[in-house]
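We have chain C already, so just place chain Z on it with the hints.
Number of protein chains: 2
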Amino acid sequence: MKNIVNIGGGTGRYTVLSGLKNIPNISLTALVTMADDGGSTGVLMDELGVLPPGDVRQCLVALSEHSDVVRKLMNYRFENGGLGGHNFGNIFLAALEKVTGDFAKGVEIASEILKVKGKVIPITKDRAKLSVSFLNGKSAEGENRIDHMNLQKSGVDNIFYKDKVKLNENAKRAILKADYIILGPGDYFTSIIPNLIVNGFKEAFKKSKAKIILPINLTNKKGHTTHWKVSDYVKFMEKYLEKPVDFILVNTEMPSKEQIKKYKIKEGDDVLVEDDFKDSRVIRGSLLSHASIVSNKADKLADTRSFIRHDSEKLAECINKIIS
Amino acid sequence: MKNIVNIGGGTGRYTVLSGLKNIPNISLTALVTMADDGGSTGVLMDELGVLPPGDVRQCLVALSEHSDVVRKLMNYRFENGGLGGHNFGNIFLAALEKVTGDFAKGVEIASEILKVKGKVIPITKDRAKLSVSFLNGKSAEGENRIDHMNLQKSGVDNIFYKDKVKLNENAKRAILKADYIILGPGDYFTSIIPNLIVNGFKEAFKKSKAKIILPINLTNKKGHTTHWKVSDYVKFMEKYLEKPVDFILVNTEMPSKEQIKKYKIKEGDDVLVEDDFKDSRVIRGSLLSHASIVSNKADKLADTRSFIRHDSEKLAECINKIIS
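Chains as they are written, first to last, in our numbering: chain C, 1233 to 1556; chain Z, 1233 to 1556.
So that you can see chain C by itself, here it is in the shape it has in the complex:
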C-alpha cells in the first residue's frame, strides 16, 4: 500500500484525483488550502463564520464512490431565493462544521456519507487570509482578489498569511507518511503555494522521505505565469520547496486549434507551456483529454474553468507507472 498525497486545486486537481481513485492498493490523501474566499464559499464564510468549503467539496466529489446522482447533488447550485448561488455541497459542509464544531471533523463525516475513497484533509484548521506584497511596496489581500490580479505586472515580493496559520496535525502526519507527493496540477499562486506557506509545512516536507511528482500545468495563467516554460515551473517550485523534485510530467500532445483559440481569448498568447526542459527527470507522454466538455449547469467547474485539460486516466496511468 503506497501513501500518495496530492496538493493542488481546481479542475486539474479534480482530474488527477478522479484518475488516482481507480488505482488499486494506494492510500490517497488530498490536502486542501483554506485560503479560498470567493463565490458561494466567501458568502458562507462571511455569513456563518465557517471555513471555506468549496475546494473540499470538489475533492470529495472527485473521490466519492457514491452514485452519480449524489455526486451531482454535491455540485448542484441553487438558482433562486436566499440559497441562490450556493452549491449544495458547500451548504452541506458548512452545516457539518456547525453541528460538529470542527471543520475537519465535518469533512470526515462528509467523507463517510459520500463513500469517499481516501482522505480529504484541510491543510489548516485556522482561518487563512492570503496576502501578497509587491516589489513596488504595495500589497493585496484575499485569495479571490489575488486570483484575478496581474501579479507579474507589479512583481511579487512575497506571498504570506496575514495571521499565523498552523499546519493541521493530520495534514502533517499525511506528509510524513507519504511515499509520493504530487504537486499539482493547479494554479501556483492561489492553489498550490497557499498550502506550502502554512506554518510547519516546510519542516514536515523536509522531514518527509516522499518522492515528489510535479505534473506540469498544461496552460499558463494570465498575469500569474504568462510566458512560463516547463523549466520555469520546475525552478519556481524547487525554490519554494528548497528540495529538488523527482519526477516531472510533461504533456506532449497539442490541443486542437479550436481549443487554443478559445483559451487565448481569456488567457492571452503563450497559452501553452513550452517544453524547454532537458532533464532525465522529465517523463513525457500524451496526457491530454479528448473528452468533449458537456455543458452542465450543476457542474460549473467542468463547464467553464478549463477546456484544455489533463485526461484523468492517462495522468493516473503515468503516475501509476512511477509508483508501482
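Please note that a few of the clues may not be correct.
The list treats identical chains as one, so a pair stands whether inside a single copy or across any two.
[Unchecked claim] List of simulated lysine-lysine pairs, DSS-like, C-alpha gap at most 25 Å: (1) Lys1546 / Lys1398; (2) Lys1337 / Lys1347; (3) Lys1454 / Lys1337; (4) Lys1304 / Lys1347; (5) Lys1498 / Lys1385; (6) Lys1361 / Lys1253; (7) Lys1475 / Lys1349; (8) Lys1304 / Lys1351; (9) Lys1304 / Lys1357; (10) Lys1337 / Lys1304.
Quick caveat, the hints were computed from the structure, so don't treat them as lab data. The model shown is predicted, which means the values in this text are computed figures rather than measured ones.
Below, chain Z without anything else, positioned relative to chain C:
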C-alpha cells in the same frame, strides 16, 4: 414480516416512528402529507418551487439508523445570512428534488444516504394547497394558516384541496399491502386529514384489508379539538374513513401538574383528552413519556412543540402486542 403504515404528523409521529423502528420483522412505511406550507418549508416552496420537505425530513430522521451527528445535521437550523431559518434537511431534500426532478425519487435517495429503516412516501406528487370552508360561508387557504385558526369557532364545513391532488402510486401500493394502518398521533385537521382527502385515498383505504390502529392524542389542540373526548376522536375518524377502527390506544397515566400547567397556557383548559369511551376495542395503558425535554436549538420540534408526549418505547410495545 408485517406491513405497517403510519399516517400522522409532528412530534407524535416522530415518537411513534422512533419506537416502531426498533421492532424486528416489520416493514414500516410513513405516508406524508404535502400540504405543509409554513416556516422554512414554505420559503423553499415559494423560492425554489419544490414540494414541502419539512414533514418528510422529520420522518427520515425518526427512521434513520445513521449516527447521531447525521441525524442532528438533518435538523440543524441555520441562524444567519441567506440560509437563516432553514433546516439543513429541508435544503437537502429541496436540492435532491432539483437534481432528480422528482420529489419522491429525491426522498428515496435521501433514505438511502440516511440509512432509513422503512420507507417514507409522499402521499401525492402534486402541489397540495389545503383549504377549509366554514359553516358561515367563509373559507381559508394554506395549511400553516389553518393550523393557527380557531376552526371550532366558525365551524368547519369541509376540508379539501383547491386543485385536484392525486394519490401517489407508491402510497396506494403501501395502503393495499398494509396489514396494519396506524392513524396518528398528530393534529387531526392539518396532519392526518390532509392525507385522507387526497384523490384515490379513500378507495385504496376501502380496498385495503389492514386493521386500523388509532392511538388517541394525549392532548386537545386549541380551536381544533378543544373539549374533545376519546369518543369524539373515534367518531370523527370513523366518519372520515367510512370504516370502523379496530384498536384504540388510550393513555391512562396523568402528566405532572407542572406539565399540565405549561400546556394550559398555550392550549387553554381541557388540555387532556378525557377517557369516556367504553368499548372492547380500547387498549389502555401507561403510554406517557417521562423523559425530560432537553433544550436543543437544532431540534426545535422536540424543544417547543410538545411537553406532554407519548413514550416511543411504550407506544411501540403496545402496538407490537397487537401486531404480533
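Right, here's what the structure says about each hint:
1. Lys1546 / Lys1398: neither (35 Å within a copy, 52 Å between copies)
2. Lys1337 / Lys1347: both (15 Å within a copy, 20 Å between copies)
3. Lys1454 / Lys1337: neither (37 Å within a copy, 44 Å between copies)
4. Lys1304 / Lys1347: both (14 Å within a copy, 19 Å between copies)
5. Lys1498 / Lys1385: within (17 Å within a copy, 68 Å between copies)
6. Lys1361 / Lys1253: Classified as neither; 31 Å inside a copy, 47 Å across copies.
7. Lys1475 / Lys1349: Result: close neither inside a copy nor across copies, 30 Å intra and 54 Å inter.
8. Lys1304 / Lys1351: both (20 Å within a copy, 23 Å between copies)
9. Lys1304 / Lys1357: Result: close only across copies, 23 Å inter versus 27 Å intra.
10. Lys1337 / Lys1304: both (23 Å within a copy, 14 Å between copies)
In this structure, the earlier hints numbered 1, 3, 6 and 7 are contradicted, and the remaining ones agree with it.
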